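S.K.: Following the hints, put chain B in place on chain A, whose structure we already have.
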Amino acid sequence: MGIADRLIEDVGLRRGVSRLTPEIIEKTVNAVISGETGARLKAYAETCMRCGLCAQACHFSLSHPGDPSYTPAGKVQQTMSVLLKTGGRVDPDFIYGMAQLAYTECNLCRRCVHYCPIGIDTGYIMSTVRRICHKLGVTPQYIQDTAHSHSATFNQMWVKDDEWTDTLMWQEDEARDEFPDIRIPLDKEGADIYYSVIAPEPKFRTQLIYQAAAIMHMAGVDWTMPSEPGWDNSDMCMFTGDFEMMGRLKRKHFESAQKLKVKRIVMGECGHAFRSIYDMGNRAVGWKMPPVPVIHSIEFFWELMQQGKIKLVKKYPGPVTVHDPCNVVRGRGLHEKLRELVNFLVEGGIVETASNREHNLCCTAGGGVINCGPPFKNVRVAGSKAKAEELRATGVKTIVAPCHNCHGGLEDTVHSYKLGMEIKFLGDIIYECMEKPEV
Amino acid sequence: MNAAYQFVTGPLAWAAWGIFLLGSAYRLISMYQLAKAKDPTAIAYMSWHFSLRSIINWLIPFNALGWRKSPAMTIATFAFHACLFLTPIFLVAHVLLWDQAFGVSYATIPDGAADIMTLVVIAACLYFAGRRLVQPEVRYITTPQDWLALIIVLAPFLTGFLAYHQAIDYDAMIILHVVAGEIMLAAIPFTRLSHMVFAVFTRAYMGSEFGGVRHARDW
Chain A
12 MGIADRLIED
22 VGLRRGVSRL
32 TPEIIEKTVN
42 AVISGETGAR
52 LKAYAETCMR
62 CGLCAQACHF
72 SLSHPGDPSY
82 TPAGKVQQTM
92 SVLLKTGGRV
102 DPDFIYGMAQ
112 LAYTECNLCR
122 RCVHYCPIGI
132 DTGYIMSTVR
142 RICHKLGVTP
152 QYIQDTAHSH
162 SATFNQMWVK
172 DDEWTDTLMW
182 QEDEARDEFP
192 DIRIPLDKEG
202 ADIYYSVIAP
212 EPKFRTQLIY
222 QAAAIMHMAG
232 VDWTMPSEPG
242 WDNSDMCMFT
252 GDFEMMGRLK
262 RKHFESAQKL
272 KVKRIVMGEC
282 GHAFRSIYDM
292 GNRAVGWKMP
302 PVPVIHSIEF
312 FWELMQQGKI
322 KLVKKYPGPV
332 TVHDPCNVVR
342 GRGLHEKLRE
352 LVNFLVEGGI
362 VETASNREHN
372 LCCTAGGGVI
382 NCGPPFKNVR
392 VAGSKAKAEE
402 LRATGVKTIV
412 APCHNCHGGL
422 EDTVHSYKLG
432 MEIKFLGDII
442 YECMEKPEV
Chain B
3 MNAAYQFVTG
13 PLAWAAWGIF
23 LLGSAYRLIS
33 MYQLAKAKDP
43 TAIAYMSWHF
53 SLRSIINWLI
63 PFNALGWRKS
73 PAMTIATFAF
83 HACLFLTPIF
93 LVAHVLLWDQ
103 AFGVSYATIP
113 DGAADIMTLV
123 VIAACLYFAG
133 RRLVQPEVRY
143 ITTPQDWLAL
153 IIVLAPFLTG
163 FLAYHQAIDY
173 DAMIILHVVA
183 GEIMLAAIPF
193 TRLSHMVFAV
203 FTRAYMGSEF
213 GGVRHARDW
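The listed protein sequences correspond, in order, to chains A and B. Numbering of the first sequence is given in our numbering, commencing with residue 12 and proceeding in unit increments. Numbering of the second sequence is given in our numbering, commencing with residue 3 and proceeding in unit increments.
Everything labelled a hint here was simulated from the structure, so no lab data went into it. Small disclaimer: the values here were computed from a predicted structure and weren't measured. A few of these clues could be false.
Residues of chain A clear of chain B, computed beta-carbon distances all greater than 10 Å [to be verified]: (1) 16; (2) 37; (3) 103; (4) 173; (5) 186; (6) 192; (7) 199; (8) 215; (9) 230; (10) 233; (11) 294; (12) 323; (13) 425; (14) 428.
Label pairs and their calculated CB-CB ranges [stated by the list, open to error]: (15) B:109 with A:46: 47 to 53 Å; (16) B:46 with A:363: 33 to 39 Å; (17) A:46 with B:65: 34 to 40 Å; (18) A:13 with B:150: 21 to 27 Å; (19) A:12 with B:132: 47 to 53 Å.
Using N, Cα and C, we set each Cβ at its ideal position, and we do this for glycine too.
Just chain A, with the same shape it has in the complex:
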């Protein structure tokens, strides 16, 4: 029982491990442990009483009842505990399993925080394991490709500089059929709002940019988008363990906003990017809190609603259920605003899943897990069984999920468990129901 019994072939992990020797491993492990960790890891390792309460926290362990190797403490036991106990004297095969576990069987969702009396942050421990894997060059191929893209282009999807502005102008052009005087203002100095997105939006979810522009336009918001790199707020480097790049990405992003002298950054409906901008990436460059105020779309739309700037011509037919993305709920406490907004937008209200708000079950896609790609899809879907059961029990047809990764994961969950549910962004619903000009 354990990761060694369920290894999956991945080119990136295999090639990385093939280059390792026990000496390299020992040196790297100890360099990270002694150089980059301190009292936090030490206290966690020492004070974990091995009580097992966290077993009921994790969607992976809830989806694999009776298999303790999927529990939070069980995952630490198979990874960090071994490294600490052996002083990093492990063989390359061990690193393969450790990497697979850390990258694909923990979403860093932090639900286990609600179960640990001592306050151990398993997400931090697994992030540190990933950091070691990154330094060893053992990362799943798909997510590493996105990290490479970040390094080369400052965006996650190899979007070229001209393609970026071209995409924005294309969306502006498209939208003029519906909104004749719409603009996607580029590089407007001193704008109230700097709107940032993740690279998958220009790459394959362009309708989200269209919708955001439509909402900004109809709400009369003074906004802009940057034409230069820095526009992508996403951060897969945070999840591969490439913390140097995480810092560079966030600095680029904030400096891009600072150059334009904007008042605030509003980011699209993304969870992990919020974690990077608001919680982890800013710290990596020494900003205790973001140097430019950052708000997530949930809060932004909520503000527009409060100010009466979202005018609906109809309500979206519900009832719906709400999926709370970990990074903006456990990461920013936006759950009540999300519900107020959904109740404003939807006819028939919200049917809650059994675990909701801060206690929400993870989509099983976050933390970079879905970004590890097809080799690990089945593991991910199997891990979302508990989530699927909670969703099915609501009996509703629509899931509102204000996070891209949650969408990707829930789409697979809905399909695999035959839930017959549709998944909506807030922007989808606002766009569909809002007042539009008569053309």
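M.R.: Frame of chain A; chain B shown alone:
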């Protein structure tokens, strides 16, 4: 026998308390220095308000999600820790020892109650041991360190109970009891029992991050 008793309640007691207090202070100071050197991105966020908010909320039985989902463990843990602290501190015989040695005297609990509380600690230890043996998710992560901690805590209560009831050779048992208690004290800074020293800080840190940065509950 008398000389042995004098020794364990005299020099050995001083040693045990010394190791406990100085050891705990040393662990705390060195951990704080390590945190200052290596975890600046963590300690910068420490907040009294959110630390206390988290600690208090976790001290209320069945308040945190984790407590609610494991009711038997919750009852066992709270009963165990309460009795573990209160019994030795307020036991008549222990207060008498303080009085004899330093002339310090304070409130006590009746022996009958102490007896029951001792049984609660022993029963909780057996329950914890049972979980370690039977529950897969606990067995999987149990290490020799965890057994050691359990035995170290169980020993003074078991020997104390046997000594009080004079079940087996009292003179030997009381010496064993004193030694077991001293081992427990001395072990606190250096075994899993160190969570007594550190848990308040790990809890406080988590509370500070969740309250001050993430604006969410951590219970």
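S.K.: Which numbered hints does this structure break?
M.R.: 11 and 19
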